[in-house]
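With chain A held as given, fit chain B with the ligand onto it using these hints.
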Amino acid sequence: MSELTREETEALIQEVLEVYPDKARRDRAKHLAVNDQSVEQSKKCITSNRKSLPGVMTVRGCAYAGSKGVVWGPIKDMVHVSHGPIGCGQYSRAGRRNYYVGTTGVDTFGTMNFTSDFQEKDIVFGGDKKLARLIGEIEMLFPLHRGISVQSECPIGLIGDDIEAVSKKAAKEIGKPIVPVRCEGFRGVSQSLGHHIANDSIRDWVLDRRDGQAFAATPYDVSIIGDYNIGGDAWASRILLEEMGLRVVSQWAGDGTLAEIEMTPKVKLNLLHCYRSMNYISRHMEEKYGIPWLEYNFFGPTKIAESLRAIAAHFDDHIREGAERVIARYQPTMEAVIAHYKPRLQGKTVMLYVGGLRPRHVIGAYEDLGMQVIGTGYEFAHNDDYDRTIKEMGNATLLYDDATGFELEEFIKRMKPDLVGSGIKEKYVFQKMGIPLRQMHSWDYSGPYHGYDGFAIFARDMDMAISNPCWSKQTPPWKKQPESGASTAPREAGELKKVA
Amino acid sequence: MANIMVRKTAVGTYSFYLPKRDFEDAIVAMEFDSSDKWGGEIRLNNGGTYYIEPQALPARFPISLRARRLDAAE
Ligand code: SF4
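As given, the protein sequences belong to chains A and B, one line each in that order.
Using numbering that gives the first Met the number 0, read the first sequence as starting at 0 and increasing by one per residue.
Using numbering that gives the first Met the number 0, read the second sequence as starting at 0 and increasing by one per residue.
Chain A on its own, in the form it takes in the complex (with noise of 0.2 Å):
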């Protein structure tokens, strides 16, 4: 579809705020937006981190799942306990495809759902004992696992459990960390809080179990922090620093252990990809441990380029001869894959609604490959997310926080993207308007997506979604308009297959 104009964009907005309540409409207006590149300042237009409005359809997570799901469960080494009842960890188990080496339930945990199966006596009568039981549990069947963190749901701050006690009494015993994670699923308005939350509990409980030690530091020591390895993601990312020189001594957290967080702090300079989740670590190991840190972006040729000279900008010139030779290297690679599918691709519209940091960091790749952002949105940004969205997006795009199902589904069904990067929740909503959709949390099953290789891999995916024949036949033989000229002879077979 044609891009609109402001007026046209603002139109649709009030058109589709019109079904709400007046409470409903002022609240809602607040969080949808057109873009203004002028603007210096977010919250001029569009306000974040709110409450969601009860009665509509948010995608949020809860606190509970920013901890347990983002920030500690990718830590393979470790045990990450849901405690709590059943539910909240097993259905969210292994949902976030964090890739992993390690031989699952012998020395690496990650797709596995551990839980304290809260019962109704747990409740009434506490689940101290039975974290303690659990606790001794582990140790006797996974002797290999390196620490535990207590991931605690909604029941346990309800409840008034002391898990901090628990957890310090039983970490002597066995003589490993033992981490209390204060994350229930009621805390704050959205997963945010629990990658906060999840953050301080590294902070007070891991990151400076090493202080003070020796380490054989050397000054090119970087850490990735922020890359969850989704479909592979931090290791197409590592093998480029590598290659142009800088040893990376820890991932968090994807294929992460507790060693490598553990280590951080001996680090030169913290490359923050997913600002939204870990800035909070990394301001503190700046404060404390005068690291710097700098926020880099590894999707599509163009910010990959951007951000390995930013990267070797604080290093000397070997690292920067390096960055050059990498960007050099690969160049070749990228001009093929943009000469296959910017000709399939090029004109073609996207609407985002992701997370906390794709909605913007995934733009330059689309426009490497000829495409254009005409909307994006996140779950659970605050407002200095869409400070940086705003220069990212061109003017009069539509920018939308904590959309609402309804919202989503009203502006997509007028905007006609020719593509929608999403989740599974909007999935199948979107493919059965005949829109094709792919997710953009989990990359559809497919990934890596940063970094080079990821870029190919991309480009290879977006053309798949949006070429597919599939979309083309939507509507049954027998809806289609007849041609002019037709004879009766299609529509009579087309009624045939209709009754069979």
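No lab work stands behind these hints, which were simulated from the structure alone.
Keep in mind that a hint or two might mislead.
As the list claims (entries may be wrong) - Listed below are the simulated SDA-like cross-link pairs for lysine to any residue, each with C-alpha atoms no more than 25 Å apart in a straight line:
#1 A/347 with A/428
#2 B/7 with A/309
#3 A/287 with B/64
#4 A/287 with B/22
#5 A/267 with A/309
On a predicted model such as this, the values are computed, not experimentally measured, just so you know.
Using the frame of chain A, we list chain B with the ligand on its own:
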């Protein structure tokens, strides 16, 4: 009183962070900004104002401080 963090950005300006509310914003004006006296009333990009007890210029940024809220924009 609130715990805040003041950072220096890559371009040398100050940025303000309020961990309790996960709120980040640029500092657009600071009453005192010299090596012997630093702090005082600070104004944020969103219009909110805070007060930091004037002190010597911190040796290192970022730094966590206590600040008093004079007028929050929200
Ligand atoms: S909101 Fe509470 S009960 Fe629901 S998934 Fe989160 S922790 Fe579990």
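Status of the hints after comparison with the structure:
no., hint, verdict
1, A/347 with A/428, "holds, 20 Å"
2, B/7 with A/309, "holds, 17 Å"
3, A/287 with B/64, "holds, 13 Å"
4, A/287 with B/22, "holds, 20 Å"
5, A/267 with A/309, "holds, 15 Å"
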